[in-house]
Amino acid sequence: MDHISRRVSAFCRYLRSQGFVIGLKEIEDSLRALSFVDISKREQFQLALKIVLCSSKEEQGLFDEAFQLFFVTTDKSQASVPWLASENPEGDGARGTATETSAEGAAQTGCGNEGMNGSAEADSVSKLGEAEQKAADGEKETAFNWFASRTASQRPKKRHIYISSSQLSKMKKAARKLVRQVQLKQARRLAARKKGRQLDGRRTWRNSLQTGGFPIKPVWKGRDKTNARFVLLCDGSRSMSPYADQFLPFAYALTACTRHVEVFLFATKLKRVTSQLKNGKRGQLPVLTVFENEWGGGTRIGESLFSFIQQYGARMLRKETVVVIVSDGLDTGDMAYLPRAMKEIKQRASAVVWLNPLLKINGYQPEARGMKAALPYIDIFSEAQSPEEFERLARTMTIRR
Amino acid sequence: MTDQPAAAALHLVQALRKPLLIEGPAGVGKTEMAKVLAQSLNTRLIRLQCYEGLDVASALYEWNYAKQMLHIRLMEKEGAALAEKEAAIFSDSFLLSRPLLQALTEERQPPVLLIDEVDRADEEFEAFLLEMLAEFQMTIPELGTIRAKHRPYVILTSNRTRELSDALRRRCLYQWIDYPDFQKEAAILQARLPSINERLAAQIAGMMEELRRMPLHKAPGVAESIDWAEALLLLHYNELSKEAVQETLGCFIKDREDWEAVKEAIESGILIQL
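So the sequence lines, in the order shown, correspond to chains A and B. Counting from 94, one number per residue, gives the positions in the first sequence under the numbering used here. Counting from 53, one number per residue, gives the positions in the second sequence under the numbering used here.
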């Protein structure tokens, strides 16, 4: 391998460690792509790699930063670091573990601090020493961590959210209750159903042909029901984080109960975490990885809801959708968005539930600007924290359209 | 009209022979890229419009049942053997080829296959596409495996109404197209409508830039701004005025609340200085 291809494949490995879907095929493709462009021109070089290696808009942003650091920055310290020297697969493996170690380290600190409210301040530089001890190949490790720490400082920090396992079985029970309870559409038409109330004469008769004309197995018919789809939008701002700790296990329980759930977190930006919740390793609770602006910062409820409508509304806001918003309504963003977004959601979904933990406080009045603006569009305004309360909430939810 | 990233992406599609996935907001010219590619290669553009419920029968192939039935009736009197009849019925002439099959069986040169708005199709269909995109072949039980004569250039577009699977993304090159900036939009308008004067093009582009910054439900795309410019030309407006904008608001605002918001912004003079 010549210098460029080594450098490019090191770059690919770094991107892979950042969550890019890059396999051997992609590395090969990127090298092939480079043979078709004029690599003495930086734009062409960068563009070719970008087109091959990225697979979403978000990744393109990360790519540009990484590219800048990897190929462009002419820092003296960079020249002295031999991070491109590694060609042996062992080095590659060791790199992987090093990043994981530092991530775990950061996560543990987070746990110690406030449970789910992962500490983002644990920067990778402080973890560097720890990782180095474990790594066999010290020099390369330093290089890689050095690189990781530089990238980390330039974009929103990652956080890990843990889901507490206590009371999970009770939460699941409450979630099942909710799914059973909220059955929206009841068609007028009668269709064959296992637990129908009426005898389906025609089908019973037809089936009796198999048994020589004796209707041994009756077929029942009843009204067709459709289970609701749930969209959970959870406010993860700093003021909400103790409550979100209670809510996320419920969200997790709900995703385990039914397929038709979508879960989002928002603070100043919206983040879809459905797949992260569903893809927890078998037998283990999922750990959510989010950026700082999606968790634990200030809140822009209106903008977040609005971007939800714009990005996902067409698909997720349907007449069988129940939208559950969990927030204290303390919106620090532009107030023009919230009423419009709420109106839109109300129009397009079947029911809007707003859970506000502040309701627990005696004498609480929804006086916050955000809460006041959203109130007219809410069907159920309540609060729930423990499994019992979620179950009670489920019982009161008899939304039918 | 294409800028450097777009040109590079099309270049790599030809060089690497990998499908290209284009994402971006509605009306920024994603579909146009495929058309441009087909035009520049002087080849056929085959388009598959995706929608919810799209199935193999309408994407790949279907037997022409009516014709088969007629044929059977006509052959009834002939004493041909059963095997012969069967072979006749399941031959190419009874096969209705849908876009994907057309792309594979194109005779002369590799066509451009545009799979439009792939995010609208179901996930199952997406999975089915994977096979086709990876191998460029498919199997019709009655006829056998059909392999592409020329590997088509495949372009997929998506509006991001749903996340596409990683498997599909991995198989594709990726290009994100955003709204054009002021200069580019003015250039597009002038290229598309040669009769437009520079000033009007610049005014339209400037207003579009402002509009896209507003919190609208449906931000106008390039397609809308071209429509609008065309409408203004038809009405013989040589520059924007309050009245001109209000008359032609329907060209680029397609939502009642947006309409009111924009109207208010125009009235109060926030949007443009007229």
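Simulated from the structure, these hints should not be mistaken for lab results. Be a bit skeptical, because a hint or two may be false.
Unchecked claim - Subject to a maximum C-alpha distance of 16 angstroms in a straight line, what follows is the list of computed EDC-like cross-link-like pairs (lysine to aspartate or glutamate): (1) A:364 to B:215; (2) B:201 to B:187; (3) A:436 to B:218; (4) A:436 to B:230; (5) A:118 to B:312; (6) B:70 to A:413; (7) A:150 to B:309; (8) B:137 to B:194; (9) A:150 to B:215; (10) A:436 to B:194; (11) B:236 to B:183; (12) B:270 to A:437; (13) B:87 to B:169; (14) A:465 to A:427; (15) A:150 to B:218; (16) B:70 to A:427; (17) A:118 to B:218; (18) A:251 to A:151; (19) B:294 to B:309; (20) B:87 to B:107; (21) A:287 to A:317; (22) B:294 to B:319; (23) A:439 to A:460.
Note that the coordinates shown come from a computational prediction; the quantities given were computed from them, not determined experimentally.
Against the structure, the hints:
Taking the CA atoms of residue 364 of chain A and residue 215 of chain B, the gap is near 13 angstroms; set against the 16 angstroms cutoff, the hint holds. Using a Cα cut-off of 16 angstroms, the hinted pair residue 201 of chain B and residue 187 of chain B holds, with the two alpha carbons roughly 12 angstroms apart. Only pairs whose Cα atoms come within 16 angstroms are accepted, and residue 436 of chain A paired with residue 218 of chain B is rejected, the gap being roughly 34 angstroms. Between residue 436 of chain A and residue 230 of chain B the alpha-carbon distance is near 28 angstroms, which puts this suggested pair outside the 16 angstroms criterion.
For a cut-off of 16 angstroms, the pair hint linking residue 118 of chain A to residue 312 of chain B is broken: about 51 angstroms separates their Cα positions. Our distance criterion of 16 angstroms between C-alpha atoms is broken by residue 70 of chain B and residue 413 of chain A, whose separation comes to about 39 angstroms. Between residue 150 of chain A and residue 309 of chain B the CA atoms are separated by roughly 29 angstroms; this puts the pair beyond 16 angstroms, and the hint is violated. With a C-alpha separation of about 13 angstroms, the suggested pairing of residue 137 of chain B with residue 194 of chain B holds against the 16 angstroms cut-off.
Annotation: proposed proximity of residue 150 of chain A to residue 215 of chain B holds, straight-line Cα distance about 12 angstroms (limit 16 angstroms). For a cut-off of 16 angstroms, the pair hint linking residue 436 of chain A to residue 194 of chain B is broken: about 54 angstroms separates their Cα positions. Between residue 236 of chain B and residue 183 of chain B, the direct Cα distance comes to roughly 38 angstroms. Violation of the 16 angstroms bound is thereby established for this hinted pair. Our distance criterion of 16 angstroms between C-alpha atoms is met by residue 270 of chain B and residue 437 of chain A, whose separation comes to about 13 angstroms.
For the given pair, residue 87 of chain B sits about 15 angstroms from residue 169 of chain B by alpha-carbon distance, which is consistent with the 16 angstroms threshold. The straight-line distance between the Cα atoms of residue 465 of chain A and residue 427 of chain A is roughly 14 angstroms, inside the 16 angstroms bound, and the hint therefore holds. For the hint linking residue 150 of chain A to residue 218 of chain B, the alpha-carbon distance of about 14 angstroms falls within 16 angstroms, and the restraint holds. With a C-alpha separation of about 44 angstroms, the suggested pair residue 70 of chain B and residue 427 of chain A falls outside the 16 angstroms cut-off, and the hint is violated.
The hinted pair formed by residue 118 of chain A and residue 218 of chain B meets the criterion: a straight-line CA distance of about 14 angstroms does not exceed 16 angstroms. Between residue 251 of chain A and residue 151 of chain A the alpha-carbon distance is near 14 angstroms, which keeps this suggested pair within the 16 angstroms criterion. The suggested pairing of residue 294 of chain B with residue 309 of chain B is violated, with an alpha-carbon distance near 19 angstroms, which exceeds 16 angstroms. Taking the CA atoms of residue 87 of chain B and residue 107 of chain B, the gap is about 24 angstroms. The hint is violated against a cut of 16 angstroms.
Taken as a hint, the residue 287 of chain A and residue 317 of chain A pair is honoured in the structure, with Cα atoms around 11 angstroms apart against an allowance of 16 angstroms. For a cut-off of 16 angstroms, the pair hint linking residue 294 of chain B to residue 319 of chain B stands: about 8 angstroms separates their Cα positions. Between the alpha carbons of residue 439 of chain A and residue 460 of chain A the distance comes to roughly 21 angstroms, so the proposed pair goes past 16 angstroms and is violated.
Taken one by one, the earlier hints fail for this structure at numbers 3, 4, 5, 6, 7, 10, 11, 16, 19, 20 and 23, listed in ascending order.
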